[in-house]
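Student: Go by the hints and put chain E onto chain W.
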Amino acid sequence: MYTAIHELVAAAQKRQVPISELIIEQEIEMSHTSREVIWATMGKNLDVMLAAEEKGVTGEGVQSATGITGGEAVLLKRYREKGQSLSGDVMLTAMQNAMATNEVNASMGIICATPTAGSAGTLPGVLSVLTARLALDRNAQIRFLFCAAAFGMVVANTAMIAGATGGCQAEVGSAAAMGAAAAVEIAGGTPQQSSEAFAIAMANLLGLVCDPVAGLVEIPCVKRNVIGAVDALTSADMALAGLVSKIPADEVISAMKRIGEEMPATLRETGLGGLAATPTGIALKMQIFGKDKSLK
Amino acid sequence: MPNQYRSVFDIIGPIMIGPSSSHTAGAVAIGHVANRLFHTSISKIIVRYYESFAQTHQGHGTDYAIISGVLGFDPADKRVPMAVDLARRQGIDVVFIEEPGKSPVNHPNTAELTLINREKELTIWGCSIGGGTIEIRQVDFNGIKIKTDGPLPLIFVESEQAIGTALDRIFGENYRDKRISVKVPDRFLYKIELIDKPYPEQIEQVRGMSQDVIVL
Numbered sequence: 001m002y003t004a005i006h007e008l009v010a011a012a013q014k015r016q017v018p019i020s021e022l023i024i025e026q027e028i029e030m031s032h033t034s035r036e037v038i039w040a041t042m043g044k045n046l047d048v049m050l051a052a053e054e055k056g057v058t059g060e061g062v063q064s065a066t067g068i069t070g071g072e073a074v075l076l077k078r079y080r081e082k083g084q085s086l087s088g089d090v091m092l093t094a095m096q097n098a099m100a101t102n103e104v105n106a107s108m109g110i111i112c113a114t115p116t117a118g119s120a121g122t123l124p125g126v127l128s129v130l131t132a133r134l135a136l137d138r139n140a141q142i143r144f145l146f147c148a149a150a151f152g153m154v155v156a157n158t159a160m161i162a163g164a165t166g167g168c169q170a171e172v173g174s175a176a177a178m179g180a181a182a183a184v185e186i187a188g189g190t191p192q193q194s195s196e197a198f199a200i201a202m203a204n205l206l207g208l209v210c211d212p213v214a215g216l217v218e219i220p221c222v223k224r225n226v227i228g229a230v231d232a233l234t235s236a237d238m239a240l241a242g243l244v245s246k247i248p249a250d251e252v253i254s255a256m257k258r259i260g261e262e263m264p265a266t267l268r269e270t271g272l273g274g275l276a277a278t279p280t281g282i283a284l285k286m287q288i289f290g291k292d293k294s295l296k
Numbered sequence: 001m002p003n004q005y006r007s008v009f010d011i012i013g014p015i016m017i018g019p020s021s022s023h024t025a026g027a028v029a030i031g032h033v034a035n036r037l038f039h040t041s042i043s044k045i046i047v048r049y050y051e052s053f054a055q056t057h058q059g060h061g062t063d064y065a066i067i068s069g070v071l072g073f074d075p076a077d078k079r080v081p082m083a084v085d086l087a088r089r090q091g092i093d094v095v096f097i098e099e100p101g102k103s104p105v106n107h108p109n110t111a112e113l114t115l116i117n118r119e120k121e122l123t124i125w126g127c128s129i130g131g132g133t134i135e136i137r138q139v140d141f142n143g144i145k146i147k148t149d150g151p152l153p154l155i156f157v158e159s160e161q162a163i164g165t166a167l168d169r170i171f172g173e174n175y176r177d178k179r180i181s182v183k184v185p186d187r188f189l190y191k192i193e194l195i196d197k198p199y200p201e202q203i204e205q206v207r208g209m210s211q212d213v214i215v216l
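Those protein sequence lines, which keep their order, are chains W and E. Residue numbers for the first sequence follow the UniProt record's numbering, so the first one is 1 and each next one is one higher. Residue numbers for the second sequence follow the UniProt record's numbering, so the first one is 1 and each next one is one higher.
If you're looking for bench data, these hints aren't it; they were derived computationally from the structure. Cβ coordinates follow ideal geometry from the N, Cα and C atoms, glycine included. There's no promise every hint is true.
[What the hints assert, rightly or not] DEER-style ranges, computed between Cβ atoms:
#	chain 1	residue 1	chain 2	residue 2	range
1	W	13	E	203	35 to 45 Å
2	W	39	E	72	44 to 54 Å
3	E	169	W	39	18 to 28 Å
4	W	139	E	79	29 to 39 Å
5	W	290	E	201	38 to 48 Å
[Claimed, not checked] Which chain E residues face chain W? A few, computed with CB under 8 Å, are given here:
#	residue
6	21
7	52
8	132
[Claimed, not checked] Each computed SDA-like pair below joins lysine to any residue, with the alpha-carbon atoms no more than 20 Å apart:
#	chain 1	residue 1	chain 2	residue 2
9	E	197	W	109
10	E	102	W	273
11	W	44	E	76
12	E	197	W	273
13	E	78	W	74
14	E	197	W	3
15	E	102	E	147
Extracted from the complex, chain W is given alone in its bound form (with noise of 0.2 Å):
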């Protein structure tokens, strides 16, 4: 099993294969399942996370139980259509796909966790890019995943990718780096510059805290995931530009992990610090559970 970056890379450089390729054998091997079971679950989830987008910008996009989210994916579709955007229409694209899964999650419709749900729509604001840009198809998507996935999986064994462990920064930070890495491969990278991106994607995310607005996966999850596919598809650029990050990417999950493990439990998913310590957050958090303990 392979359980850093550096493995990863060397085994892709001196095999000649796709870090994708690498993590499809490891599947292989320890689910004692075949290739093809495992090519369509993971087809599975992309339809999931395909499905997700879609309902995310139809007609008014989605609302919260509670109302505090929703509606938003669908203006950026619009805006974007505008075509005056600030950023382009490759950024919004992102934007708009991200924002639509976070939304869709927050107002529990079904998503698919890459890795978690408040990060889900980091890495599907990441590849619909990388599909209208790139023209991918079908199965080209469905690697993107599984590369993602193989650099996901070091970071879950060797840090943390839950909120309530080790702040945003593991979830929304931990999907940006997953998302870069595998953009780099999809667009012809090589797997070191894969994972020069993961190390500058999530180094620029260190110390994201995570102080959702009553507690709910909606203030600022879902915004955030916006931040972290534009983190994505910038870090993927710098790398595939030829930058390096100076800290192996090994080493920056390792530091993920300490500040994580130094962030005081008001900052790890229990609604108590940040952004959910304000008036305002308190206030939500009142209007909220305040007349409806259930929320149902």
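Tutor: Positioned in the frame of chain W, the structure of chain E alone reads:
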């Protein structure tokens, strides 16, 4: 510490009803373990939450998630948000308790889940470690406490005969920890912690000796 995430689908997946993989999908998975261990009708369910689970279970749908696991639903089942009502309508007494102290098994997302009927009582201590992946850190069958290392796969086998050496022969090379057996009045209870998912043939071999096999 063994690697807890052993499949690409622990990272890309699960497919689930939002909003939180730890608090919703992970809670379904904890409920599901209790369902499989208990595997008979239930009259009462008690859920005790600790730390982050205690603070945020309401907003994350943890209540209906854990109960839907107990009822055997998968995390993307459309009935998940209605599970508490469905359980109560079946006549099951459902109780949620927010514990003020630290998790007894040392994880911020801990649920202590007790299932009761006239004949038996089961409690599991489950931790949702992120992305929908869980650990079971302790199991209590009718007062018999079994500590577990946490990560799945975990196999429980009940048998009237002593079958430990046969189990060693089947799984020996795949043991994460030595198997343990507990002698209860008229039978043996084995707990097996594995490194990798068992092969279907291995489970078939165990079923040849005992029908009471639960693979988690």
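Student: Broken hints, numbered, in rising order?
Tutor: Of the numbered hints given earlier, those the structure breaks are 2, 3, 5, 9, 12 and 13, listed in rising order.
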